[in-house]
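Residue numbers (the UniProt record's numbering), protein chains in the order written: chain A, 1 to 462; chain B, 1 to 462.
Because the hints were derived from the structure by calculation, they are not lab data.
All of these numbers come straight from a predicted model, not from anything done at the bench.
Cβ atoms here follow ideal geometry from the backbone N, Cα and C, with glycine treated the same way.
Misleading hints may appear alongside valid ones.
What the hints assert, rightly or not - Chain A residues, not near chain B, derived (Cβ > 12 Å throughout):
{"id": "1", "residue": "E71"}
{"id": "2", "residue": "V106"}
{"id": "3", "residue": "S164"}
{"id": "4", "residue": "E263"}
{"id": "5", "residue": "I322"}
{"id": "6", "residue": "V359"}
What the hints assert, rightly or not - Here are some, though not all, of the chain A residues that point toward chain B, as calculated from beta-carbon distances under 7 Å:
{"id": "7", "residue": "V160"}
{"id": "8", "residue": "G224"}
{"id": "9", "residue": "N244"}
{"id": "10", "residue": "H246"}
{"id": "11", "residue": "D305"}
{"id": "12", "residue": "Y313"}
{"id": "13", "residue": "A318"}
{"id": "14", "residue": "S357"}
Protein chains: 2
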Amino acid sequence: MDDIKSYVQQHKQRFLDELIELLKIPSVSADPAYSQDVIDTANAVKASLEKAGCDLVEICDTPGYPIVYGEKIIDKNLPTVLVYGHYDVQPPDPMDLWTSPPFEPVIKTTELHPEGAIFARGACDDKGQMYMHVKALEYMVRTNTLPCNVKFMIEGEEEVGSKSLGWFVERNHEKLANDVILISDTGMISNQQPSITTGLRGLSYVEVEVTGPNRDLHSGLYGGAVANPINILAKMIASMHDENNHITIPGFYDKVQELSQEERAEMAKAPFDLDKYKKALDLNDIYGEKGYVTNERNSIRPTLDVNGIWGGYTGEGAKTVIASKAYAKISMRLVPNQDWEEITELFTKHFEAIAPSGVTVKVKPHHGGQGYVTPTDSIGYQAAARAYEDSFGVKPIPVRSGGSIPIVALFEKELKSKTIMMGFGLDSDAIHSPNEHFGIFNYLKGIETIPLFYKYFVELSK
Amino acid sequence: MDDIKSYVQQHKQRFLDELIELLKIPSVSADPAYSQDVIDTANAVKASLEKAGCDLVEICDTPGYPIVYGEKIIDKNLPTVLVYGHYDVQPPDPMDLWTSPPFEPVIKTTELHPEGAIFARGACDDKGQMYMHVKALEYMVRTNTLPCNVKFMIEGEEEVGSKSLGWFVERNHEKLANDVILISDTGMISNQQPSITTGLRGLSYVEVEVTGPNRDLHSGLYGGAVANPINILAKMIASMHDENNHITIPGFYDKVQELSQEERAEMAKAPFDLDKYKKALDLNDIYGEKGYVTNERNSIRPTLDVNGIWGGYTGEGAKTVIASKAYAKISMRLVPNQDWEEITELFTKHFEAIAPSGVTVKVKPHHGGQGYVTPTDSIGYQAAARAYEDSFGVKPIPVRSGGSIPIVALFEKELKSKTIMMGFGLDSDAIHSPNEHFGIFNYLKGIETIPLFYKYFVELSK
Chain A
1 MDDIKSYVQQ HKQRFLDELI ELLKIPSVSA DPAYSQDVID TANAVKASLE KAGCDLVEIC
61 DTPGYPIVYG EKIIDKNLPT VLVYGHYDVQ PPDPMDLWTS PPFEPVIKTT ELHPEGAIFA
121 RGACDDKGQM YMHVKALEYM VRTNTLPCNV KFMIEGEEEV GSKSLGWFVE RNHEKLANDV
181 ILISDTGMIS NQQPSITTGL RGLSYVEVEV TGPNRDLHSG LYGGAVANPI NILAKMIASM
241 HDENNHITIP GFYDKVQELS QEERAEMAKA PFDLDKYKKA LDLNDIYGEK GYVTNERNSI
301 RPTLDVNGIW GGYTGEGAKT VIASKAYAKI SMRLVPNQDW EEITELFTKH FEAIAPSGVT
361 VKVKPHHGGQ GYVTPTDSIG YQAAARAYED SFGVKPIPVR SGGSIPIVAL FEKELKSKTI
421 MMGFGLDSDA IHSPNEHFGI FNYLKGIETI PLFYKYFVEL SK
Chain B
1 MDDIKSYVQQ HKQRFLDELI ELLKIPSVSA DPAYSQDVID TANAVKASLE KAGCDLVEIC
61 DTPGYPIVYG EKIIDKNLPT VLVYGHYDVQ PPDPMDLWTS PPFEPVIKTT ELHPEGAIFA
121 RGACDDKGQM YMHVKALEYM VRTNTLPCNV KFMIEGEEEV GSKSLGWFVE RNHEKLANDV
181 ILISDTGMIS NQQPSITTGL RGLSYVEVEV TGPNRDLHSG LYGGAVANPI NILAKMIASM
241 HDENNHITIP GFYDKVQELS QEERAEMAKA PFDLDKYKKA LDLNDIYGEK GYVTNERNSI
301 RPTLDVNGIW GGYTGEGAKT VIASKAYAKI SMRLVPNQDW EEITELFTKH FEAIAPSGVT
361 VKVKPHHGGQ GYVTPTDSIG YQAAARAYED SFGVKPIPVR SGGSIPIVAL FEKELKSKTI
421 MMGFGLDSDA IHSPNEHFGI FNYLKGIETI PLFYKYFVEL SK
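Input sequences plus hints: build the corresponding full structure.
Written out as structure tokens, the structure reads:
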């Protein structure tokens, strides 16, 4: 398809300008301070879908942030592709580590992006990857090459657990009826070696609170005589991994799917350079669960990480205080067959059980999601593989990702269809970090590849 | 001495008003944002000493905040009392737990203070207790009953380690020459049972930093494969106490002075109600070092407490991030014979030694001070004991406090004189906590008792 290649080259600048406008709106769903910006972003997405050629576009109200729904139905007898994406972004902090303001997009070149990359929060996750689908639709509509029906469902709460999306999907089976779900919210190995994510980890995210004395105390007068909630919290967190970095929560591993030696050997084929990996992160060594290599630790194995901790005096200088309370945000990445709600319960029971007398603890479940695996023999996967091979000239490798898209499992349960994760980002794009960026090559390559997926999916569906 | 009692009654309202004015200035030495307020407070103290009758008052510059020096020399052949106090205060946070603004003093009654107490940061620690000495001087000067020479040395960095005070004392041996040092910066058992603090704990205060990856990472893509600095910090902190809550730093206890069974039996005589203690703090149980009771754990035993911890995402909602860095402020309370600089070194060496590969750690010593013991057979202690007995009608009990006044040991080393700690606060006064307060009874009783100390000290010195 040279048409798409030349179309992309012809409209390249406009495609970049449109994405940059979208990135300027700080749609941080985790922080209520940005709620109006989140709404504004939903409206911007709606307008872009209308311009791209959808026949019907709606802002669908939910208990939380709205979902933007759009569709172009050309023939009821043809297959339907449902595109999912999200228009909300992660909080930008720590702000001081950004080399340019997170919501003032700029194009800079990097070692991996010699053609330049757009630096902004959400550039890759997920505004940039979501917008590739909008532009792919524009191409197919304008050139009259859309081979099937298409529906868009773009949500605004992915970074905080997609609560409203679940609510919406459960109530709109018919509206969302489809033959395959297409998502670009993952990465690929490199610009030379594309890959398709076939597995995702689940997630259980909780916040814990440890309370000691009913007020902050002078550490001289009380130190040594009462339980210090920060020391206790540290002790409780530390006890959750044993000396082999196995998680100690009873029952945590009971349902974990162990991979066969063959599967692990297949995984090991993905190119990986440990020295480069360490160098990129300035690490003197890696760290993790005994008996597994890095690419297994961050994909097929469950984890427990503290994402945030706070308590006591954290200002300038010194304060000799024993805090009344200490807090932590803790998330567990789960693998297929681990049920996130069951894991959340196991965590809660365990955390309460190990709390020593002298303190009281509270566990507040935040959100979660199930893990997922895409069968590589499915039509959807085959269509995606051909699309990548055409546009990159290289066969994509199927990989299991450590990340979570909590609603993929929900889609299968509610909509009975498989999800194909066509990601075009790179691990080095710093999503969820300061200086998030998305390569111009990747953005345009995505727009090129997506119409090929439609073409092959329709062909293989016949 | 009914004169002093009636004088206090007669001027009670003015004594309260003057202290309240002083408490309105937020002299938080730990936070540079308040630096001008700290200076303003020094000037206010200078003016109060001049008004009270000092012949000479100076604002003495130091590398840090100034020291207010005042003196009234009536006869070179008479003994000299050096009064020490501090005009700086602890940071007020957490602000939201204050029932009235920390720097807008109000008088409220409490169960222990039926005559009312002044609620404000610094009310007890140490503006209120320091100002008792100013008013006691005023009385002795106006009634011409000052029986000896008096010097005042009021500093502005006690809450951050008194660095400049050490600098000042070392350079002013002659100016500060004295026969006894008098400090009111401690508490007593109750308004019915006065006590005199004869021992103080030393202090070593450090800040630690644990660094993992060079940037915040997505916990899904990297979780399980790299060391999480928060998890590691928790593990390191947890490892610093064993199952008996003994501190595990090698050499930490080597120089700790063990008390004899007799001394411990003497200590046990101090009235203590464990149920009341737990109830006052809403604790279901106490917690501490095996083999020692509460009153020993917080006085004759060294401790290690985390005073603050922070890292990762601590805002609203959820963020699935692995932080690049985690921090903690850690203080160790020390007992006589433990050298704070040596302990700081032991801590640093140990903390660096237990850091796993995969992270790097930094230890930044904040400040510290030595422990101290006042001999109960000294003239100073005897004079103080009689003064309390006269004004309270009850013999005071000598007690060891868990708190630290880092410079008391320095005074002995540099000025070769003993320090008497005549404290009038109560443990329940919430110093270093929200809603700090100081009983009106205690404030006025202090002003009454201090002139008696001068009287007896001069008599016993003859």
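Now for the hints, and whether the structure bears them out:
no.: 1; hint: E71; verdict: holds, 31 Å
no.: 2; hint: V106; verdict: holds, 18 Å
no.: 3; hint: S164; verdict: holds, 14 Å
no.: 4; hint: E263; verdict: holds, 18 Å
no.: 5; hint: I322; verdict: violated, 6 Å
no.: 6; hint: V359; verdict: violated, 8 Å
no.: 7; hint: V160; verdict: holds, 5 Å
no.: 8; hint: G224; verdict: holds, 4 Å
no.: 9; hint: N244; verdict: violated, 13 Å
no.: 10; hint: H246; verdict: violated, 11 Å
no.: 11; hint: D305; verdict: holds, 5 Å
no.: 12; hint: Y313; verdict: holds, 4 Å
no.: 13; hint: A318; verdict: holds, 5 Å
no.: 14; hint: S357; verdict: holds, 4 Å
Consistency with the previously given hints fails for numbers 5, 6, 9 and 10, ordered from lowest to highest.
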